[in-house]
Structures are given as C-alpha cells and as structure tokens.
Amino acid sequence: MSRAQALKAKQTAAVARIDVANLPTGGAWLNGARKAAVSRLQQMGLPARRDEYWGFTRPDLLVAPAAQAAPVLPVEAVPPFDAIERLKIVFVDGVLDLEASDDLSAENLEISSLAEAGRRDIHWAQDLYGALEAAAHDPVARPLGALNTALATEGVLIRVTGKVSRPVSLCYLRREAESDAVLHHLIRLEAGAEMTLLENGPAAARLNKVTEVDLAAGASFHHVRTQGRDHGRQAVALLFARIAEKARFKSFTLTVNGALTRNEAVIDITGDDAVVTIAGAAAGDGSDGVFHQDDTIFLTHDGVNCQSRQVFKKVLRNGATGVFQGKILVRPGAQKTDGYQLAQALMLDDDSQFLAKPELEIHADDVACSHGATVGAIDEEALFYLVSRGVPRRIAKDMLVLAFLADALDEIEDQPIRDDLKSRLQGWVERHAR
Amino acid sequence: MLEIKDLHVKLEDEDKQILKGLSLTVPSGEVHAIMGPNGSGKSTMSYVLSGKGGYEVTGGSATLDGVDLLEMEAEERAATGLFLAFQYPVEIPGVGNMTFLRTAVNSQRKARGEDELSAAAFLKLVRARAKALKIDAEMLKRPVNVGFSGGEKKRNEILQMAMLEPKMCILDETDSGLDVDAMKLVAEGVNALRDGKRSFLVITHYQRLLDHIKPDVVHIMAAGRIIKTGGPDLALEVEHNGYADLLAEVV
Chain A
3 MSRAQALKAK QTAAVARIDV ANLPTGGAWL NGARKAAVSR LQQMGLPARR DEYWGFTRPD
63 LLVAPAAQAA PVLPVEAVPP FDAIERLKIV FVDGVLDLEA SDDLSAENLE ISSLAEAGRR
123 DIHWAQDLYG ALEAAAHDPV ARPLGALNTA LATEGVLIRV TGKVSRPVSL CYLRREAESD
183 AVLHHLIRLE AGAEMTLLEN GPAAARLNKV TEVDLAAGAS FHHVRTQGRD HGRQAVALLF
243 ARIAEKARFK SFTLTVNGAL TRNEAVIDIT GDDAVVTIAG AAAGDGSDGV FHQDDTIFLT
303 HDGVNCQSRQ VFKKVLRNGA TGVFQGKILV RPGAQKTDGY QLAQALMLDD DSQFLAKPEL
363 EIHADDVACS HGATVGAIDE EALFYLVSRG VPRRIAKDML VLAFLADALD EIEDQPIRDD
423 LKSRLQGWVE RHAR
Chain B
438 MLEIKDLHVK LEDEDKQILK GLSLTVPSGE VHAIMGPNGS GKSTMSYVLS GKGGYEVTGG
498 SATLDGVDLL EMEAEERAAT GLFLAFQYPV EIPGVGNMTF LRTAVNSQRK ARGEDELSAA
558 AFLKLVRARA KALKIDAEML KRPVNVGFSG GEKKRNEILQ MAMLEPKMCI LDETDSGLDV
618 DAMKLVAEGV NALRDGKRSF LVITHYQRLL DHIKPDVVHI MAAGRIIKTG GPDLALEVEH
678 NGYADLLAEV V
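Protein chains in written order, with this note's numbering: chain A, 3 to 436; chain B, 438 to 688.
There may be inaccurate statements among the hints.
Claimed, not checked - Derived EDC-like pairs (lysine to aspartate or glutamate); straight-line CA-CA distance at most 20 Å: (1) B/K489 - A/E415; (2) B/K489 - A/D412; (3) A/K399 - B/E528; (4) B/K578 - A/D412; (5) B/K578 - A/E415; (6) B/K590 - A/D304; (7) B/K547 - A/D412.
As the list claims (entries may be wrong) - Just some of the chain B residues that point at chain A, by a computed CB distance under 10 Å: (8) S480; (9) L507; (10) A511; (11) E512; (12) F520; (13) V542; (14) A548; (15) G550.
To be clear, the hints were calculated from the coordinates, so they are not data collected in a lab.
Here a beta-carbon is modelled for each residue, glycine too, at the ideal position from N, C-alpha and C.
Chain B on its own, in the form it takes in the complex (with noise of 0.2 Å):
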C-alpha cells in the first residue's frame, strides 16, 4: 500500500512550491488513475516518489507497505518495490539493453537478500517476457532506448516492470505519443501484471488510457493535491467538460 500524506515538496534550486499537501492511498491490488491539468505537479510526484534528486521535501510523508520511501536512496526505494515507467525514456548508447536489465535485476535481489539469477535463468525470463509484449531479440542487444520508436520505448519500460515485479508500479503519461495499437499492446502488458497484490498509479491526460487500463478509483490533481476522488465515472466527466468546473467547485 502506497500511503502519501500532506506531501510538500518545492524545488531545491528555487523557491518555488509544487507540491502543496498531496495526500493519496492506494492500497494493495487496485489500480488508481491520477487526471489533471498540466503543471499541477503530477510528474514531479512521480519523481519526488521514485528518489529523483532536485526536488526538496518541506512536508510530509510517503511509504510503501509502511517503509518510509523518503528516507531512502533510489536504488533502494527501487529494490523495496516501487517502479516508475517513464514518461520519456532515456536512451543510453552504450549500455545494452539485456545487460541493464540484468544488472536491474540482479542489483535489486542482491539488495533484498536473494539469489542472484543465472545467465541463463535470467534469458529464459525475459524472453518470455519480451515475446509477450512482441519485443524482439534485435531490440533485446540494442543499447538502452536507442533507435527505439516511442512505442518500442514504453514498451521497453513494461519490460522492465515485468521483469523486475515490482508492488507498486507508478506509470507516468505511458499512453503519451503512442497509436491505439500500441497503446493497446501495452495496456496488456499492463493488465498482464495485475495480480490482485501489485498497485497502479497511472497518470493521465486521457480518459481512452483508461478504457484498457481499467482504475478502481479516479483522483484529480490541481496545484499541488488532490482535489477530488471518485470511481471511474470521474474521468469521463473530465474527458466531456474539462477541468474547469472542477476547478472553479475548488476554488
């Protein structure tokens, strides 16, 4: 369960406030959508979550399963379960795919105390796990993201997700750039993964996301925290009037 309470979070370089009291629950299994304008603060949360470093934190909490996320340094907040699938992936020359994946995953069994995967044990995995969201062995020895279409690029962060088995996989504008097929492919992907235990927070612009992706409850998020949680009936209701009538019933 991924627990936020009153988060407030501004830049380290300025002073500039952006998050303002965020407080969000996703318990265990469900799946949570998060919709708002832009500029409300939805990445920096994303990033604020998953250790990115720029960011100060001025008040609050985060844990996951009651571990304090914030404490932690990112490779461990990683290794205790929480995943970010990026809204831009970043390519890496030089670094090949199969060996990032591997040094991933070993890094966070080594980590928790368990047994690192052979090599062999190790491909057999992913490339079952590969075949599945039909990425290639070609794509498998490229160097991280490189030469990737933006579809093959999320794609390739499902597969790492599905790799590494996170319990708490926070998806950040996954569906951003992609066709209908490919977003199809890897709301699949995503689907394939829900286990009834493992969390979803999936940030949004759009309500068809979640036609694939389908949440257990809706939050919306206007500067800096949440203004209104509802069923998924919620993102239907943005995706016909837009955020403005929900603003103004805030203001």
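Excised from the complex, chain A in its bound form (with noise of 0.2 Å):
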C-alpha cells in the first residue's frame, strides 16, 4: 500500500467513526470547535498501525465502533486518595454526577461542566477547547485527541485563579459493562495560581480522555492519576499542556491492570524557567488478562533556562507489555535547557515485553540532556542479600519490585498522597506475588 493509499484508508476510517457516533449538537460555541476537529481528524485520518507512535500499540481498540465489553468490578472498600482531605467531582460511566459530587463552589476556583459550558459564554474555555490539541499535530498527528474534541459531551472546566487549599479530585466510577466514555476536562492557571488534581477510578470499559491543561507565569500544578483494577480497561489518555514562564508542572500516573492504556502526553514549555515532570510507575501481570501500558511523551522546549524530567518504570510478568516512546525536542534559542529521561522495565520472567524508542531533537548548543532506557531482571545479587539477612524470598524479591518502583513514585510531592499510593502498590505486588 502506497503511502496514500494508506492516508485514504485512514481517511475513510476516520469519516466511518465519526458517522457511527453522531455528532453531538446545541453546544453553541463548542459546535464550532467540534466542526474544526472533524475536519482535522478527516484529514488525518485514524492511527493505524504504520503510523510511527502506533508500532508498539495497536490502535484497533480505541479505534473500534464500540467498546469491547469489561466486567464492572465492585466499587474498592478503601479507594485511592480516601483518606486526603479533596474536593470531589464524580463521574458516573463518563457522566457528571453533580449530586453525587462535593459543592463545587470554593475559593479560587471556577468549576463548571463541559455539558452546560456550551450554553454559556466562558471565554477562557472558548480559547483552549480544542485548542492545544489542534496545536499538537505537527508534527506528530494525535487523532484520537481530535475524535474527543469532536465528540466529547462531558467533563470539567477548571479555572484556578489563586492557592486553592485542597485538592480537585475527579472519581470516575462505572456500571455499565460496555461504557463508552469521552471525557474532555480544560484547567487553567492564571498567573501565581496553584492547584493539586486527582484522578482515580475506572471510568468506563472504553475511555478517551484529553485534558488540556494552561499555565499561565509562575502557575504551579500537580496532577496524580490512577489507573487501576479494572483488567478489561481499553483508555487512552491524552495530556496536553502548555507551559509559561516560571511555571511548574508536575504530573505522575499509576498503571496496574487494563487490556489497553495509552497514556500521551504532548506538553510545549513556551515560557523561560520553567519546570515540567511527567513520571509514571506500572505494573502488569498478563496473567490476569491481557496487560498493554503505553507511555508516549512529546516534550518540547521553546523557553530558556527551563528543567524537564521524565521518569516511568515498568514491572511486567506474564506476557505483559509495556512501552515508552518518549521525545525530547529543544527548538532553536531553548538554550540552557536541562533535560532528563528515564524508562525502565524490570522483567520479573521471559514473557513480557518492553518496547522503547527514547528520542532527543536538540537544536540549541548549550543544554544538557540525558536519557536512560534499560531492561533489566530482578538483581540475584542484592535478592541474596536480603535472604540471608532471613527475609524470606517471596517476600525479598517484592520488596526488591516496590524498591524499582520507587525513583518514580518518589516524583509525587506530597508525603500523603505518595504513601497512599505506595501501599496500594505494595497490595499489588504482594498479591501478585509467586
């Protein structure tokens, strides 16, 4: 197949996907921007798998008429972030449930609904709806992040205009087996503003999820995600941010279980000292059912005297797979950059797999980047160690999995929220354990 060939079919594809979900409509505002992404993704179609960031993950799932059926699992007796003091917006199979949610009045911020937001004139989301999606294309396509603008009815929008005291914390609850869920959320910092977002939950037996995320200078925020459970999972989840000067961004996300996650993040630090990490830990044993975590990062530099870190590990058994596609792009001026990249897999047998193209583009002369991308089994050397101190060694090699995990893990600022995500962790691994 020729190579437009190839771009016809995914044409084709991307018409046949829109027709099969209609186009929802009454949005006002939002029915332009959703005309512009149609007409983005018919251009560039559906990924397919000769796509370049599509090798290592078949698109097919998410690509699909409809979900693939999941069974819905009990709501959990101690859900994550439980203990820490939030406010709670919750989802129902990718609706928003406000009577079930916390009042979303509070200070410093301006909370409203993607699905009433049309009806109104909210000028900060008529800008970024669809905007920094529409900007992450070139020059790798993102259609999926298109379909959602296209489609999405639901989600949050979220203006920080200050310190906001507690968390934002989006729980994403299910019921249905064969939930199909678009979920778009827009957050914007003003100048100096802070916030903490959580996420937690299974969502929906298919999810597509793009968050736009805009910091204004000096804005500073925290996002810490979970993604847990539900084996039958098909999501993909795509980050876009767009940094200015003196900001900070800081996003980590924790994988266990799900047939299919695609985690991307396309993140532009526009403005000069600014610093970005986006890290994440995963663990996944293709016993369970099948397990595919796929972290694709584009991380681009256009400011001076800016940091970024990227750090992800993997613990993969059982014909699990994971992948890291992770770029680092320094346009021309971005001097003084400091730049970081780490992705790493502890193979705990011979049946998994982890695919990893790491990239560096640098076009200015005076920064500093590096990158690591190993594969490694658990160390005999230090297991030995352990269990001749008399840990047993069940025991030895968890403590020696969590230990690998914890470069990532220790990327999450606050002490509470880490440790809760630390022990639901330790749970993981000890009750997969051999």
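Mind docking these for me? Both chains are given alone in their own frames, and the hints should help you get the complex.
Shown next as structure tokens:
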C-alpha cells in the first residue's frame, strides 16, 4: 500500500467512525470547535498500525465503533486518596454526577461542566477547548485527540485564580459493562495560581480522555492519577499542556491492570525558567488478562533555562507488555535547557516485553539532555543479600520490585498522597507475588 | 557448633571443583580464623554455607548444632542462626536500611516461632546498637548501603549481625578496604558480640585484623581444603613467610 493509499484508508476510517458516533449538537460555541476537530480528523485519519507512534501499540480497540465489554468490579472498600481532604467531582460511566459530587464552589476556583458550557460564554474555555489539541498535531498527528474534541460532551472546566487549599479530585465510577466514555477537561491556572488535581477510578469499559492544561506565568500544577483494577479497560488519556514562564508542572500516573492503556502527553514549554516533571509507575501481570500499557511523551522546550524530567518505571510479568516512547525536542534558542529522561522496565519472567523508543532532538547548543532506557531482571545479588538475612525469598522479591518502582513514585511531592499510592502498589505486588 | 565434614563443591554451570574435601569444626564460643592464598575457596565456602545459588554440593556435610545446613533455604539458615558478613555488601537502592533490618529481624523471629518486635522496641534496639558502631540516624534512613563508604558498609554489616544475634558468624574479609581506625571500630563491634557461646569464623588475608579480633584457632586453606591448623602463631608465621612453605609441606 502506498503512502497516499494508507492515508486514504485512515481518512475513510475516520469518516466512518464519526458517522457511527453521531456528532453532538446544540453546544453553541462548542459546535464550532467540534466541526473544526472533525475536519482535522478527516485530514489526518484515524491511527493505523503503520504510523510511527502506533507501531508498538495496536490502536484497534481504541478506534473500533464500539467498546469491548469489560467486567464491572465492585467499588473498592477504600479507594485511592480516600484519606485526603479534597473536593470530589464524580463521574459515572463518563457522565458528571453533580449529586454525588461535593459543592463545586471554592475559593480561587471556578468549576463548571462541559455539558453546560456550550450554553454559557466562558471566554477562557472558548479559547482553550481543542486549542492545545489542535496545536499538537505537528510534527506527530494525535487523531484520537481530535476525535475526542469532536465527540466530547462531558468533562469539567476548572479555572484557578489563586492558591487552592484542597486538591480537586475527579472520581470515575462505572456501572455499565460496555460503557464508552469520552471526557474532555479544561484546566486553566492564572498567573501564580496553584492546584493539585487527583484522578482515580475505572471510568468506563473504554475511555477516551483529553485534558488540556494551560499554565500562566508562575502557576504551579500538580497532577496525580491512578488507573487501576479493571482488567478489561481500554483507555487512551491525552494530556496537552502549555507551560508559561516560571510555571511548574508535575504529573504522575500509577497504572495497574488494563487490557490497553495509552497515556499520551504533549507538553509545550513556551516560557523561560519553567520546570516540568512527568512520571509514571506501571505494574502488569498478563495472567490477569491482557496487559498492555503505553507511555508516549512529546516534550518541547521553547523557553530558556527550563528543566524537564521524565521518569517511567514498569514491572512486567506473564506476557505483559510495556511501551515507552518519549521525546525531548529542544527548539532553536531554548538555551540552558536541562532535560532528563529515564525509562526502565523490570521483567519478572521471559514472557513479557518492553518496547522503548527514547528520542532527543536538539536544536540549541547550550543544553544538557540525558536519557536512559534499560530492561533488567531482579538483581540476584541483591536478592541473596536480603534472603541471607532471613527475609523470605518471596518478600525479598517484593521489596526489590517496590524499590524499583520507588524512583517514579518519589516524584510525587505530597507525602500523604505518595504514601497512599505506595501502599496500594505494595498490595498489588503482594497479591501478584509468586 | 559448626561442623563441616569432607565438603566437596563445584560450580553449578561448569565442571570446576572448588572445595575438595573441606573439614572444619568451630565449637560454640570460639573464634576461628581462616587464611589462605587467593582462589583457595574461602569465599565459596562462606557462600555455600549461607545458601547462595550457583554451586553444587557433590559430597560431604555441613551442620550447625547438628542441623543440616545444606538442606535448608538461605532464609532458613539465617533463622537457624547463621550469619555471613559480606566481603562486598550489596547496594540496594529503594530499600530503606531500617525497613530492611526490621523485616529481617522479624522474619527470623517469626520463623523461630517468636513474637515479632514492635516498631518502638525495634527502634530502641537499633538506635542503641547503631550508636555503639558510630552509625548515625541519617545512615539508618538511607537505602541499604547506597552511598556508604567502604567503612560504613562494613559497619552496617556488623550492625545487622548485632541486630540478628546469630549463633555462628562468618566474616568474609571484613577488613578489606578498611583503614586502621575503621578496622578497629569493626573489630570492637565484633568483640562486643563475643559472649562465650557465639562462634566466629573470620576469613582474612592479614594478620593485623587478628590483632584486634583474637582467634582461638587459625586454619590455613589452600586448593579447597584446610591444609594446616594451629594457634594464633600460625597467622604470624604466614604474615612473615607467606604461604609458599606451607604449600610445599602439603605437596
């Protein structure tokens, strides 16, 4: 198949997908953004196996007309972040449930729902909806982002005007085995504003989620999310961020289980002196069902004297697959850039695989960028050291697995949140020990 | 009492015999030293006794107070009272020294059917023992051996020994890489654990460690077995004359 034929096939698939989905109407200003997204999508087509960044992860489940059914698990006795004082916003099968949510009014916060937004003039949201997504297709197309902008009717719009005392916590619940959710969140932090965003819960059998994060000068954004438990999950989460001068952006994701989880982040540092960290820990056991987890990062430095860190760790066993595709692009003039990228996998057997594609593209001469990608097994010397002190082999192994993941978890600044996730991960590791 | 009888050991993956009829007895409460040229099998002996993989026992036996060590898993040997102070203690990033120590102490207690130490009781104990070895609180908080100097690593080995209170301690070249002051500190730590019942097997290349940890018996090991056993004077003899004469006697 020629390139032109391949593109034609992708475009045809995009048109067919949009037809099946029925474009939402009645969203006033949102309609214009949706139409623009449809035409973007028709241009680039749906992702296909031959696309450069879809070679390691098959997009089929994410582009299929309908979600693949996934069993609904009972709600956990103690969900993540349970002990954290926070403002909860609840979604059920991808639909905002205001009754189950906390009062959305809080100091320095303006929260509204996307479902209502079309009927109101929310200028900042009008400027932001689909804007960072639309800007993110060069040089690599992100068609699932455009698909989301075209189809989304649910999501939250959060504008932060100062320091927010409690984290805002998005809790995704599920009731339907075949729910197919599209969520689109907008987050705008004004100059000097600070907030923490938490996300947890299964959301839907299939989830396409876009979060557009716009940080004004000196803003500080912390983001911690968990993707856990539901084995049949098919999810793509796209994070588009624009970082102005002196802003701080920190995002951490914990992934366990899931048939297909693609976490894509496109981060543009546009101002000087900004600091960005994006990190993730993933643990997958193929004996629970298919496990495929993919972190795809595209981080652009276009400001002077900025730092970026990418830290990704994956523990894989029983045929689990982990993917890391991480790129640092340093644009001309982005001098004094300090870029760091680490992707490591710990393989607990010979059946699992880790596919890594680290990339650096540097167009400035006064920068420091380093990257490392490694795959390894449990260190037998370390294991014997622990066992020789009387620690049973199984526990010693768990200690080493958790120690391996700790580097990524330590990127979470808030200690109670970090400890919460560490103990959850410890539970997972102990349940999956052999 | 540690009793090794006619122990034969080869590498698991290669046809290479390392221990060739090693026999050795360390009665309770005694300190025995083993010296010997490089490659004589001293470290292999310590690994085989403590249960490291990669070796195959082709003959002989090793017992601690009559219990067969070779049939046990490594963690069971530890719980039975065997301790190996490593020549090269392993760095383990991500595992806190305290967490490790507490897990080790309580795993052993559990294996022996004893009550586990409470967090408070453990903390009290570890602080007291660490202080005696000049190990500060900061070192205890760090990941196991990560960023430790050579001396700190060896002191950390002795701290583990003090916390685990083994019956039989094997010290594999604990003096290697230590300056004189660090060696004295480590030796003091070892001497503090001598209580008339606990036994020690000290593997060393140098007599000077034995100035600080005074042995009851000195063995010379070569080519996988003990070729000569004597009193502390034997170590002095090796220090002055090397191994050539002793090896010649055997051949």
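We went through each hint and held it up to the structure:
no.	hint	in the structure
1	B/K489 - A/E415	violated (39 Å)
2	B/K489 - A/D412	violated (32 Å)
3	A/K399 - B/E528	holds (15 Å)
4	B/K578 - A/D412	holds (15 Å)
5	B/K578 - A/E415	holds (19 Å)
6	B/K590 - A/D304	violated (45 Å)
7	B/K547 - A/D412	violated (31 Å)
8	S480	violated (13 Å)
9	L507	violated (15 Å)
10	A511	holds (4 Å)
11	E512	holds (5 Å)
12	F520	holds (8 Å)
13	V542	holds (8 Å)
14	A548	holds (7 Å)
15	G550	violated (14 Å)
Going down the numbered hints, you'll see the structure goes against 1, 2, 6, 7, 8, 9 and 15, while the others check out.
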